[in-house]
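Trainee: Protein sequences appear in the order of chains E and H. Under the working numbering, the first residue of the first sequence is numbered 1, with each subsequent residue one higher. Under the working numbering, the first residue of the second sequence is numbered 1001, with each subsequent residue one higher.
Simulated from the structure, these hints should not be mistaken for laboratory data. Only a predicted model underlies this, so the values are computations on that prediction, with no experimental measurement involved. In this text, a Cβ means the ideal position worked out from N, Cα and C, and glycines have one as well. Hints should not be assumed to be uniformly reliable.
Label-pair distances were calculated between CB atoms; the ranges are [stated by the list, open to error]:
no., chain 1, residue 1, chain 2, residue 2, range
1, E, 5, H, 1043, 57 to 65 Å
2, H, 1174, E, 322, 34 to 42 Å
3, H, 1096, E, 121, 33 to 41 Å
4, H, 1096, E, 155, 31 to 39 Å
5, E, 158, H, 1097, 52 to 60 Å
6, H, 1137, E, 303, 44 to 52 Å
7, H, 1155, E, 388, 45 to 53 Å
8, E, 265, H, 1106, 26 to 34 Å
Far from chain H by the CB rule (all over 12 Å, computed), these chain E residues [as the list claims (entries may be wrong)]:
no., residue
9, 17
10, 50
11, 234
12, 250
13, 270
14, 276
15, 350
16, 354
Chain H is nowhere near these chain E residues, computed Cβ spacing over 10 Å in every case [what the hints assert, rightly or not]:
no., residue
17, 118
18, 176
19, 249
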Amino acid sequence: MKLLSLTLKSLRQRKAGVALTVFTVALSVFLLLGVERVRTDARQGFASTVSGTDLLVGARSGPVTLLLYSIFHVGEATNNITWKSYQAIRAMPEVAWTVPLSLGDSHRGFRVTGTTADFFTHYHYGRGNALAFTSGKPFADLYDAVIGAEVARQLHYKVGDRIVLSHGLGGPNLASHADKPFRISGVVAPTGTPVDATIAVSLEAIEAIHVDWRSGMRLPGLEASADEARRMDLTPKAITAALVGLHSRLSAFAVQGAINDYDEEPLLAVLPGVALGELWHLIGTAENALRVVSGMVLLVGMSGMLTALLGMLGERRREMAVLRALGASTRTVFSLLVMESTLLTIAGMLAGVILLDATTALAHDYLLAVAGLVIDETPAPGEGVLLLVVLALGSLAGCIPGWVAYRRSLADGLQVRL
Amino acid sequence: MKALPLVFPFLLAALPIAAHAEARQLGPHVHGQASVNIAVEASTMDVQVSLPGHDAVGFEHPPGTPAEQAAVDKATASLNAAAWLVPAPAADCTLALARVSPHGFGGATEAGGHADFDASYHFTCRRMDRLDQLDVRLASAFPSVAKVVVSLITAAGSSQQVLEGGVSHVGVPQ
Ligand SMILES: [Zn+2]
Chain E
1 MKLLSLTLKS LRQRKAGVAL TVFTVALSVF LLLGVERVRT DARQGFASTV SGTDLLVGAR
61 SGPVTLLLYS IFHVGEATNN ITWKSYQAIR AMPEVAWTVP LSLGDSHRGF RVTGTTADFF
121 THYHYGRGNA LAFTSGKPFA DLYDAVIGAE VARQLHYKVG DRIVLSHGLG GPNLASHADK
181 PFRISGVVAP TGTPVDATIA VSLEAIEAIH VDWRSGMRLP GLEASADEAR RMDLTPKAIT
241 AALVGLHSRL SAFAVQGAIN DYDEEPLLAV LPGVALGELW HLIGTAENAL RVVSGMVLLV
301 GMSGMLTALL GMLGERRREM AVLRALGAST RTVFSLLVME STLLTIAGML AGVILLDATT
361 ALAHDYLLAV AGLVIDETPA PGEGVLLLVV LALGSLAGCI PGWVAYRRSL ADGLQVRL
Chain H
1001 MKALPLVFPF LLAALPIAAH AEARQLGPHV HGQASVNIAV EASTMDVQVS LPGHDAVGFE
1061 HPPGTPAEQA AVDKATASLN AAAWLVPAPA ADCTLALARV SPHGFGGATE AGGHADFDAS
1121 YHFTCRRMDR LDQLDVRLAS AFPSVAKVVV SLITAAGSSQ QVLEGGVSHV GVPQ
């Protein structure tokens, strides 16, 4: 205890240097834990891009290909599946609900998804979060569109605005569906999933805008106006993929097997979590890079503290000599410096954690809106271990100036005696 | 509208292995690799296993000698006992039903020339909330199994874990 109060008194003498050292440690702890939190949350968020959906069904390709195209809207387009097959899946007794997804058109770089209003009730993300509307409501009219938060933010759209969809993904020879403009009926709240960058319209709307199109071209002489299209048969012929929910999870493997074995059409049913895990595994090297960076950050922070402690040692030669003269053993001098670095590390850790918590609390909404990143305010599971590592490193770092001071006071002690 | 026939996974392996076998959730027939599907809901845990005949008994043809027949019987009994699967004891699970079906060991050789052991189990767990892990000891029960692909479906979603090199621990996301 005496050692502790001695350390505190000594630290009080060097306020500026001490504050700077604590700040260095705090910053490295902040970065270390921050990176860890972002890493776990990014993985968590990614793994639950689709939750509450038991199976994702599309044309036979690969699980990752299907997932990338139908959910993340990137990568190679998969084949379509026929409406008939979709109806057959829908009619299976184990199937509770299905949500069709039809891709192919875009609007100013954002993908358009044709679906049903069920999408807004059955598409869940994270720990079973349903989609919420910032304003407006799901599409009701044939020419209604619902936009994601990112679309609204980047294009400054609001409910009631009129937009025109483009055929395909855009590019210089953009074919537009200008004859059939859409009205924005709702804006979905930020989710941190690809929904944020999606424009959702009804399946019938996708049919309607292509009713007078064949093989990617508008047929001259066959034009159907927006109102004429309303009276036509708008039953889709094909969709890209479907989300499937089951009455019981217990039937998931059996239904998956039955769909994969459907002999009228080559279909693929994947378990979303398995496909997401596979995909994360592919991009997991980024995660390791983050880990390496946070390890480096910690090393830099610790060497910062070490430099400061060693630097202060020169001016403290007299302090040590006085301590020795008062009867302190060389071992006490060593312990004093280890105690000092430990205290500084603990103070830095506390400051770093407080800083991180304050930042995540403040930046939570901003990060979700701008980066689509959901940062959890609760600590990541690995944080306790990391803090212990920091503490151990901090104490260990104190051994170096401790050893120097120990050697010096031995020498100084000898000099006094001489 | 024609409804899909519900094909149980333990029948799938009996079907000819198509060019698109990789799409099948039981996976292609790979010697040394077993697949385990586990689905959990409420107090029920359903487990399905597919084990290549090569790894279960060392051959994939109708047993011709008494020794081969004994090997098939032994593997069947071993799978039937379900000792290779140990759910977390705290979950208090009891095996309610086990069904083992060897395919391709009968009179006519199956298309594709392979034979498998398929087994399905039905467990009832009193404390499913405590089922945080499972021990899948297929590799020690059948030493030529080098890799076990475990697919899991729980309330937390679906996931897959690959067991290799003596690992038998499967974490159950909650
Ligand atoms: Zn189009």
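Trainee: Now tell me, hint by hint, if it's right for this structure.
Mentor: Here is how each hint holds up against the structure:
{"no.": "1", "hint": "E/5 x H/1043: 57 to 65 Å", "verdict": "59 Å, holds"}
{"no.": "2", "hint": "H/1174 x E/322: 34 to 42 Å", "verdict": "59 Å, violated"}
{"no.": "3", "hint": "H/1096 x E/121: 33 to 41 Å", "verdict": "35 Å, holds"}
{"no.": "4", "hint": "H/1096 x E/155: 31 to 39 Å", "verdict": "57 Å, violated"}
{"no.": "5", "hint": "E/158 x H/1097: 52 to 60 Å", "verdict": "58 Å, holds"}
{"no.": "6", "hint": "H/1137 x E/303: 44 to 52 Å", "verdict": "47 Å, holds"}
{"no.": "7", "hint": "H/1155 x E/388: 45 to 53 Å", "verdict": "32 Å, violated"}
{"no.": "8", "hint": "E/265 x H/1106: 26 to 34 Å", "verdict": "31 Å, holds"}
{"no.": "9", "hint": "17", "verdict": "47 Å, holds"}
{"no.": "10", "hint": "50", "verdict": "8 Å, violated"}
{"no.": "11", "hint": "234", "verdict": "19 Å, holds"}
{"no.": "12", "hint": "250", "verdict": "5 Å, violated"}
{"no.": "13", "hint": "270", "verdict": "8 Å, violated"}
{"no.": "14", "hint": "276", "verdict": "9 Å, violated"}
{"no.": "15", "hint": "350", "verdict": "31 Å, holds"}
{"no.": "16", "hint": "354", "verdict": "30 Å, holds"}
{"no.": "17", "hint": "118", "verdict": "19 Å, holds"}
{"no.": "18", "hint": "176", "verdict": "37 Å, holds"}
{"no.": "19", "hint": "249", "verdict": "5 Å, violated"}
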